[in-house]
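Need the complex rebuilt from these two chains, each delivered in its own frame; the hints are there to steer you.
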Amino acid sequence: MKKTLCVALTCLLPCTSVGSLLAQSQAAGTIKGVVLPGTGVVSGVVASSSGRRVSGMAMQLVNPAGLVVGKAVTTRDGEYTFTPVSYDVYTVQCMDDDKVIGTAAVTLTAPMHAVDMVCTSDALFWQKWGLLAGLGAAAAAIGAVGVVAARGDASGSR
Amino acid sequence: MASPHNGIVLCALCAAFAACAPAEDGAAHAARAKYDPATGRLEQIEFDTTRNGRYDAVGVMHGTRVDRIEVDEDEDGKVDRWEYYDEARRLVQVGYSRRNNGLVDATAFFDRDGAIERIEISTRADGQFNRVEYYRADALARVEEDTNGDRRPDKWESYTPVPGAASGASRIGSAAFDDAFRGTPNRRFVYGAGGGVLRVEVDPDGDGQFVDAAVIAGPP
Chain A
1188 MKKTLCVALT CLLPCTSVGS LLAQSQAAGT IKGVVLPGTG VVSGVVASSS GRRVSGMAMQ
1248 LVNPAGLVVG KAVTTRDGEY TFTPVSYDVY TVQCMDDDKV IGTAAVTLTA PMHAVDMVCT
1308 SDALFWQKWG LLAGLGAAAA AIGAVGVVAA RGDASGSR
Chain B
22 MASPHNGIVL CALCAAFAAC APAEDGAAHA ARAKYDPATG RLEQIEFDTT RNGRYDAVGV
82 MHGTRVDRIE VDEDEDGKVD RWEYYDEARR LVQVGYSRRN NGLVDATAFF DRDGAIERIE
142 ISTRADGQFN RVEYYRADAL ARVEEDTNGD RRPDKWESYT PVPGAASGAS RIGSAAFDDA
202 FRGTPNRRFV YGAGGGVLRV EVDPDGDGQF VDAAVIAGPP
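In the order they appear, the protein sequences are chains A and B. Our numbering puts the first sequence at residues 1188 to 1345. Our numbering puts the second sequence at residues 22 to 241.
Only chain B is shown next, with the shape it has when bound in the complex (with noise of 0.2 Å):
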């Protein structure tokens, strides 16, 4: 619906926008909108990030509403990144072209607030998304990996935030494997904070109860 408030918003988004960006030079190209022609609705704009005289972005629109934006980083004319936006015009999230050939082959997730949640990451760029990467206050907090291409995890860590180092920053806390791929791990370290193998405990019947390997393997 029309609405006289729609446009004054909308100025003031400009205005905002054109605030936060650098000043236009010389051999950047202005922007290209594209239209469509029957109804009239934006459907995308063209830009030039780097300035540099080449298109390297594509802004794809509903009308006011901005879908994506493709970036073609290197711009050899393959889109390596696809910014994704909700309708309050947040990132949700960025797919990656990890392998530089113009396919999603790793996607990362952000919450409400900007904080990245997870990455998944196809490994072998078989489309198929085999390691999630687990995020809490923008630290690693866990991975689970199928190496197999089974499509069950056969590969476990956890991580713990490191205290008082810079954000991001955390420690491995455990790594567990299925070596034998039959679902559930067989196998942990433990991790002590100085980053060496603190235990090695087993779960050979895979109720999910480990114990020390030590202790299995008996007295030597």
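Extracted from the complex, chain A is given alone in its bound form (with noise of 0.2 Å):
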């Protein structure tokens, strides 16, 4: 019975990837064109280091001799999808300006493998903050910290 399970399982499940592929390209703007056996889609999203998706970006599929052999540019939400490719170990790389802002690694095994990155972007984003200023000035707006200071211990020890 275990065996007649397993043997039902194991035919199942590349049919169920099959099909969910095949589900997901009839969905709007999601993808388009056939994926051969032995082939696959490499597909996710970009976020920046402080979480923001970006969108626009330039993405490339670069296999392992260091060639582009896809390109695409994130939506509006940071999706990206490249058209399929055999299978075999990719790297993909966010571009900006031509440069490199990016890379991860893919085994692509299996019809869709979703890839989601993080490219530093926007590493100015993290250089921008320091709110002391305003909690000083509200401090001495309500004269907190005279309250303090007027109780007998400003040393900011206890």
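Quick caveat, the hints were computed from the structure, so don't treat them as lab data. Honestly, I wouldn't trust all of these hints.
Between beta-carbon pairs, the in silico distance windows are [claimed, not checked]:
{"no.": "1", "chain 1": "A", "residue 1": "Thr1296", "chain 2": "B", "residue 2": "Gly135", "range": "26 to 34 Å"}
{"no.": "2", "chain 1": "B", "residue 1": "Ala51", "chain 2": "A", "residue 2": "Thr1294", "range": "33 to 41 Å"}
{"no.": "3", "chain 1": "B", "residue 1": "Val183", "chain 2": "A", "residue 2": "Trp1316", "range": "21 to 29 Å"}
{"no.": "4", "chain 1": "B", "residue 1": "Arg120", "chain 2": "A", "residue 2": "Leu1311", "range": "29 to 37 Å"}
{"no.": "5", "chain 1": "A", "residue 1": "Thr1294", "chain 2": "B", "residue 2": "Gly98", "range": "36 to 44 Å"}
{"no.": "6", "chain 1": "B", "residue 1": "Asn73", "chain 2": "A", "residue 2": "Phe1312", "range": "16 to 24 Å"}
{"no.": "7", "chain 1": "B", "residue 1": "Gln114", "chain 2": "A", "residue 2": "Val1260", "range": "34 to 42 Å"}
{"no.": "8", "chain 1": "A", "residue 1": "Ile1329", "chain 2": "B", "residue 2": "Gly217", "range": "18 to 26 Å"}
{"no.": "9", "chain 1": "A", "residue 1": "Phe1312", "chain 2": "B", "residue 2": "Gln149", "range": "34 to 42 Å"}
{"no.": "10", "chain 1": "A", "residue 1": "Leu1311", "chain 2": "B", "residue 2": "Pro184", "range": "27 to 35 Å"}
{"no.": "11", "chain 1": "A", "residue 1": "Ala1301", "chain 2": "B", "residue 2": "Arg133", "range": "27 to 35 Å"}
{"no.": "12", "chain 1": "B", "residue 1": "Gly98", "chain 2": "A", "residue 2": "Trp1316", "range": "14 to 22 Å"}
{"no.": "13", "chain 1": "B", "residue 1": "Pro225", "chain 2": "A", "residue 2": "Asp1284", "range": "31 to 39 Å"}
Don't be surprised by glycine CBs; every beta carbon is placed ideally from N, CA and C.
Structure (structure tokens):
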């Protein structure tokens, strides 16, 4: 019985993945074209270090020899999809003005492989902060620090 | 210990802070302080950074020492950013909620001069900070990432500053990958100044010695 079930599942799994792929290919704006046996689609989402979805980013799929074999541009939601390629080891690259600003490795062994990436497109985002002045102004406005001083211990060591 | 000098120093500090801040307008909330009822020690100050009548930041205090400032940038009731200060009131660490859910999933660390040192990111927001970006002179220097969740890096990128470019600009120098998740990289792309792959190298036995992939593959 177990054996029969295993055989049935073994048959079912490939059918399911192909079925779901076909279903996705019919959805508006997802995947177009035919995925041949031994080929697959690399897709995913690009976000910046701060978590913002990055739109309009040029993406490249690079084969093991270092040659670009696919190109895509991220959508408004940061999504990208390359045209199908044969099973192999690839590298996905995010590009900014022809500069590589992020990479990801993909070992493609199935009809679909999702690669969500962080690309370092907003390093300056992390260098803009410091609300200490605002806090100080707020403290000064309500005399909060003065109250603490008047109560006899302003050392900050308590 | 009480000291008359402390009061003077603090007043000067208040004046300096106030001078840095823009003038209040009518819509802004007055700041609100909370004290420990038993000791009288200042515990927190709520304030309105956007001056729109909503408290969007809280300074968490230990008396006069600022521990951290929590900021609700989008004013949805959840903290988006946590700024941590040392005893010299230097910004040393910033936590950030990349998913905007009130939980820290990225943290930036700053050096004594305020320059960014590194950013640690939990890309899957699972509490595991699996990606680390290292910075030098405000420019990205290298990245390490554990992409499969086994707590070992399997991707290494190195970056070099772009000569003559604006501060923070860098270009990729190499990207190495551990496709087999063995703990060391098995292949590496070396990039040229133009951004293209200059050379593909491999390290099949994991001894750290990379050789040109074309040499391994042999003549076509």
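Hint check results:
1. A/Thr1296 to B/Gly135: 26 to 34 Å: violated, 46 Å
2. B/Ala51 to A/Thr1294: 33 to 41 Å: violated, 59 Å
3. B/Val183 to A/Trp1316: 21 to 29 Å: With Cβ atoms ~25 Å apart, the hint holds.
4. B/Arg120 to A/Leu1311: 29 to 37 Å: violated, 21 Å
5. A/Thr1294 to B/Gly98: 36 to 44 Å: holds, 42 Å
6. B/Asn73 to A/Phe1312: 16 to 24 Å: holds, 23 Å
7. B/Gln114 to A/Val1260: 34 to 42 Å: holds, 35 Å
8. A/Ile1329 to B/Gly217: 18 to 26 Å: Since isoleucine 1329 of chain A and glycine 217 of chain B have Cβ atoms about 59 Å apart, the given range 18 to 26 Å is violated.
9. A/Phe1312 to B/Gln149: 34 to 42 Å: violated, 22 Å
10. A/Leu1311 to B/Pro184: 27 to 35 Å: Between leucine 1311 of chain A and proline 184 of chain B, where Cβ atoms are some 19 Å apart, the hint is violated.
11. A/Ala1301 to B/Arg133: 27 to 35 Å: violated, 41 Å
12. B/Gly98 to A/Trp1316: 14 to 22 Å: For tryptophan 1316 of chain A against glycine 98 of chain B, whose Cβ atoms are near 21 Å apart, the range 14 to 22 Å holds.
13. B/Pro225 to A/Asp1284: 31 to 39 Å: Distance hint for proline 225 of chain B, aspartate 1284 of chain A holds at roughly 35 Å.
In this structure, the earlier hints numbered 1, 2, 4, 8, 9, 10, 11 are contradicted, and the remaining ones agree with it.
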